[in-house]
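Engineer: Chains as they are written, first to last, in the numbering used here: chain A, 2 to 1189; chain B, 555 to 748.
Keep in mind that the hints were calculated from the coordinates and are not lab data. All C-beta atoms in this analysis are idealised placements derived from N, C-alpha and C, irrespective of residue type, glycine included. Certain hints may be false.
Pair by pair, the computed Cβ-Cβ distance ranges are [to be verified]:
{"no.": "1", "chain 1": "B", "residue 1": "588", "chain 2": "A", "residue 2": "602", "range": "48 to 58 Å"}
{"no.": "2", "chain 1": "A", "residue 1": "115", "chain 2": "B", "residue 2": "588", "range": "32 to 42 Å"}
{"no.": "3", "chain 1": "B", "residue 1": "700", "chain 2": "A", "residue 2": "45", "range": "23 to 33 Å"}
{"no.": "4", "chain 1": "B", "residue 1": "588", "chain 2": "A", "residue 2": "785", "range": "45 to 55 Å"}
{"no.": "5", "chain 1": "A", "residue 1": "303", "chain 2": "B", "residue 2": "581", "range": "48 to 58 Å"}
{"no.": "6", "chain 1": "A", "residue 1": "75", "chain 2": "B", "residue 2": "588", "range": "17 to 27 Å"}
{"no.": "7", "chain 1": "B", "residue 1": "701", "chain 2": "A", "residue 2": "262", "range": "41 to 51 Å"}
Chain residues, written in single-letter form:
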Amino acid sequence: MALKMVKGSIDRMFDKNLQDLVRGIRNHKEDEAKYISQCIDEIKQELKQDNIAVKANAVCKLTYLQMLGYDISWAAFNIIEVMSASKFTFKRIGYLAASQCFHEGTDVIMLTTNQIRKDLSSPNQYDTGVALTGLSCFVTPDLARDLANDIMTLMSHTKPYIRKKAVLIMYKVFLKYPESLRPAFPRLKEKLEDPDPGVQSAAVNVICELARRNPKNYLSLAPLFFKLMTSSTNNWVLIKIIKLFGALTPLEPRLGKKLIEPLTNLIHSTSAMSLLYECVNTVIAVLISLSSGMPNHSASIQLCVQKLRILIEDSDQNLKYLGLLAMSKILKTHPKSVQSHKDLILQCLDDKDESIRLRALDLLYGMVSKKNLMEIVKKLMIHVDKAEGTTYRDELLTKIIDICSQSNYQYITNFEWYISILVELTRLEGTRHGHLIAAQMLDVAIRVKAIRKFAVSQMAMLLDNAHLIASNTQRNGICEVLYAAAWICGEFSEHLEESNQTLEAMLRPKVTTLPGHIQAVYVQNMVKLYASILQQKEQSGEKEAAQEITQLMVDRLPQFVQSADLEVQERASCILQLIKYIQKLQIKEVPVAEEVIALFAGELNPVAPKAQKKVPVPEGLDLDAWINAPPSDSESEDEKPKTIFHDEEQRHSRHRQPEIDEEELARQYQDTPGVEHIPVVQIDLSVPLKVPGMPMSDQYVKLEEERRHKQKLEKDKKKKKQKKEKKGKHRRHNSLHTESDEDIAPAQHVDIITEEMPENALPSDEDDKDPNDPYKALDIDLDKPLADSEKLPVQRHRNAENLKSPDTEAPLVGKKSKKPKKKEKKHKEKEREKEKKKEKEKKVTEEGKKGEDLDFWLSTAPPPSSITQTQSEPEGSTVLAEPEENEDAKKEEQEEDNDEGKKSSKHRKKKHKKEKEEKSKDKKKSKKKHHHSEEEPAESVQNGTLDDEPLPPMSSYCLLAENSYVKMTYDIQGNLQNDSQVTVSVIFENKSASFLKSMELNVLDSLNAKMLRPEGSSVHDGIPVPFQLPPGISNEAQFVFTLQSIVMAQKLKGTLSFIVKNDEGSTHEKLDFKLHFSCASYLITTPCYSDAFAKLLESGDLHMSSIKVDGISISFQHLLAKICFYHHFSVVERVDSCASMYSRSIQGHHVCLLVKKGENSVSVDGKCNDSTLLSNLLDEMKETLSKC
Amino acid sequence: MGLGGSCAGWLMQAPCWLGGDFSLSEDTQQQIIRETFHLVSKRDENVCNFLEGGLLIGGSDNKLIYRHYATLYFVFCVDSSESELGILDLIQVFVETLDKCFENVCELDLIFHVDKVHNILAEMVMGGMVLETNMNEIVTQIDAQNKLEKSEAGLAGAPARAVSAVKNMNLPEIPRNINIGDISIKVPNLPSFK
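Using the sequences plus the hints, can you model the full thing?
Structural biologist: The following block contains the structure:
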């Protein structure tokens, strides 16, 4: 055996390894393919051997060949074999090969599931790591579904190396298996505050990526990210967060306001260009989002533009490029501030770097006005001539067209000029954009009636020179313009002067070399042309000429009849027959022109591209309904068409009125000041027309200047007249005197026809979204509580098991892990009382509170210390008032701030920060609640919707103990799975500047209540807290207790011991506490229907007891909400000021309540299986109520 | 970052695809490599290091970001969620890491040990997303994995190593250093990521 192994390894020495393969390929440059096929044969032999090392070597070589472009999918099974090798060396080779060549279509991929699962749970972290890396490349929906839970467990692995990989791969899992997003999200969010920077960065990475696709679902994380942004020093993380904020601000302008200051500070302070650049970018995004409401951010814009100018002027091309990129974003909302840097941008057009020129081009788009359009386009035309390389020239071409056609030709004052530009562009060699030019020609000719005459003359010229355009096969793209030219000449043939000549041009034999679709248009339009010539000749009585032209058609058409293109052939033969018939009539001297022209009567109107889609389905028409009864079907299929139709209806109802659009256009083109009054200056059209060959657009620039000058003079004249008449208006006219955009009247009386749309439809982009967008599936509301059905498909671990391995926190999907809360450190007793109350009020459980939570965070931006007190005084409901109120409050606060002066501003700032943090924490906490405590939010939704009043925020966490190092708060929840267990969640918060470690929690068990300890430990052992706490950090741990009887409240004494470690050394510290198990903590919120409730009451097995509390001032709804929240009840039914409520204990006691509210008092009647439990519960409730 | 953050590296003499998360056929991969190489290699020294995305790399949202070291080009294809300057820095980290792991990396190291390059890259970029930017962390993990590999090979690996050493002595080419020290691309004031 041993000998065999040695022999194997000696054999192996002479196998080709990867290096030999590479060397071999390099030495066989001439017959590389042959050499490689030899090698592949060798590899196939090697793969047949049993020795895994040989196999791995073969797979390693295959991986290299794959990189060279060879298909290695045939070896997929061997790759899986190597993946499952026990040695890391081979495993890594296998996974690498898999990541290179596996994809969703690989059929053997499903065989890997168990192997990967095994590797994921391997004790060797590198096995796990390599599996995660590989999986990230080839994860399929099936793998994602099967492994989601294993990966989620790894997110809490003890090794940060594994944690970060697990966190990162979750994004891939979400993409492939969107259902996993909601169950995994709470833990992912937790990882944002992981002590390891790598893990934190990975979590930020994933959430940013998710949020970028569906920002609105992540708005509620803004406070958390804000905190990270102000505390993180990792530039990579900062950049990500700042980019994320850029995506969030458009959704919430108030967030933007909050961001401006810290971002501006960063811009001033950071030395990292990458960070500076991203800050500028996000500030721009903020400004864009604010641009509607808040005009006064000119300082920030100035700062941005100024910084960007520095970047653009830098000698580093990268910065120049990025500067231009960012500048184009500002351009959209603040064109004025960019326009002042026109010099710089035009300069960049001459840069030798193409990327930079392209960016500068983008900027030009927004800088044009009626005044400078011609000048800018002239510059671009020069660049077109100079440009080498077709890509850049094509880009220039599209930009010219974009610039000119933007917002419905808003900036074009002279369409003759534009047509000439288009014609000039046809001279471009090798452009791909012939169709673009053609589309523009058609669009302008159809929509600008006044230009048709000119357009037709130009197009006739193009047709005449078609040989220039179509001759060179390389210039194929450009011959598309002939399509437009032919159509325009045919459709508007009445404007044609030399129609015979044009018809002649269209009938040239050369035409048959054009692409089929163009020939087809030629054929169709030569008939139109022919019809109009015929009419002309008949009207003027030139019968001979008319017959001649018919003969010409009959002579030339057969060449199209022979065309290989079906469309051309069909049209031509059809038309040939028609013309032959006409010829017969002509010989009989029957006038035919009227009838022929009638074939093409009527005008075609332009139709908007999306018009068809917008045609509403007429009432009563169900396109999905069966015309004949369908063969018998299952119910579900029957329902389908209904819902589809329903959707359709909803969509249509959203369409807005089109009138606005038309009105605007009308205003632009007809009501332009001066258009009606000033006689349109006649341009000597002969000038451009006489230019031999092609027109020169440049002449228009000159002409235009002259025209404008004349116009101005005329206007002035008129003004003078007016002045005489009305002296009072003198001033206003003077201000008009400066030549603004509006002053420039179009040269032609332009009548742009809007594209037709069905009534009540407006062109919109909303239906442009790609239904196949993979990210759409991740558009999931993350704030809704988890439903049972959503849990990841796995066997669930119990809390007890959780305890046995505290390091690898078992993946309890519905597990509660609430965020720690912070309270201010040293407050006087009274203030603390108030604080507590306030905190409780802030806690929100109502669904839809999400928005309000965020409102709260956003609106209390700088709460001065004085406000904290005033806030806690009014009744709970006003704390979370509507956003507007908050706005007001904020303004007031700011005013107060100003009034008080800046003496104590430093001090206050600190305080603000603290409070901000505190609030964001609070927010998180309540967010967490949404995710974890499944029943509560659901039930309070139900309760909350009874009234529209906002509920005061509440927290179920109460203080356990606190000293100068650590603060503990806790919450107790009954355990659904086990009738004698409750889970205590304790949040540990490190208040000191030292590191807290080796925390251990121990309690003195009573006869009735015992802490559940890991197997094998004695009752006196404490349970280690499964984490350490760096300064300022808090984290949550859970402990399970078993109880025998639950009818009475319990108190357990306990101690937390921990080691405080700082620069001076470490000390051992202790903190005693008393854990209070209230009877309410044994209750589990359980919904109950009113009929079941009635039955329960009727059954008569219940004991009854009641209490009454006076002096209640809060509303009934809030009162119910409190009972629901703190005592875990749910409302069965509510009638006016009377409500029935229900809950169930972990041991199955039913508890029924009837709550009645009088003038100033509340009475609670309770019924329960156990009278002791009931009286204890009522006592607790009394205490809660008396606090109200 | 979806498609972005996908990264690929090209070695001048043996262009090769270093992965990323395109699930593309080998032919498309090769085509992308060729076109990108064509685009990148004809660019001057003094132009910016970004190239607008063509259709081939997934549309206008994507960019090619590259760095040029002697005869090597390192090209990353990223989408708009990545910071351009950040990626430039990431490439620098990548190259410096290669330098550390190969002890004065040269072009031939990369050509003959593509698998190792892959393993290093896998510690930095995973499934098209940036995993780690801290060079020391990456090097530590790579070293640990190499150690593990060595311990697995044990005695049996020794003869194979000896043979491979002998083979390498006959290398016809003399490795050229790509000399990380005087990289001419200037990235202003970019502090290393922590």
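Engineer: Now, for every hint given, state plainly whether the structure supports it.
Structural biologist: Now for the hints, and whether the structure bears them out:
Checking the proposed 48 to 58 Å range against residue 588/B and residue 602/A shows it holds: the Cβ atoms sit about 56 Å from each other. Separation of residue 115/A from residue 588/B is about 39 Å and conforms to the stated range, judged on CB atoms against 32 to 42 Å. At roughly 30 Å, the beta-carbon separation of residue 700/B and residue 45/A lies within the given 23 to 33 Å, and the hint holds. The hint said 45 to 55 Å for the Cβ distance between residue 588/B and residue 785/A, and at roughly 49 Å that hint holds.
Between residue 303/A and residue 581/B the C-beta distance comes to about 52 Å, which sits within the given range of 48 to 58 Å. Our hint of 17 to 27 Å for residue 75/A and residue 588/B holds, since their Cβ atoms are close to 24 Å apart. Evaluation of the 41 to 51 Å hint for residue 701/B and residue 262/A yields a pass: the beta carbon distance comes to about 49 Å.
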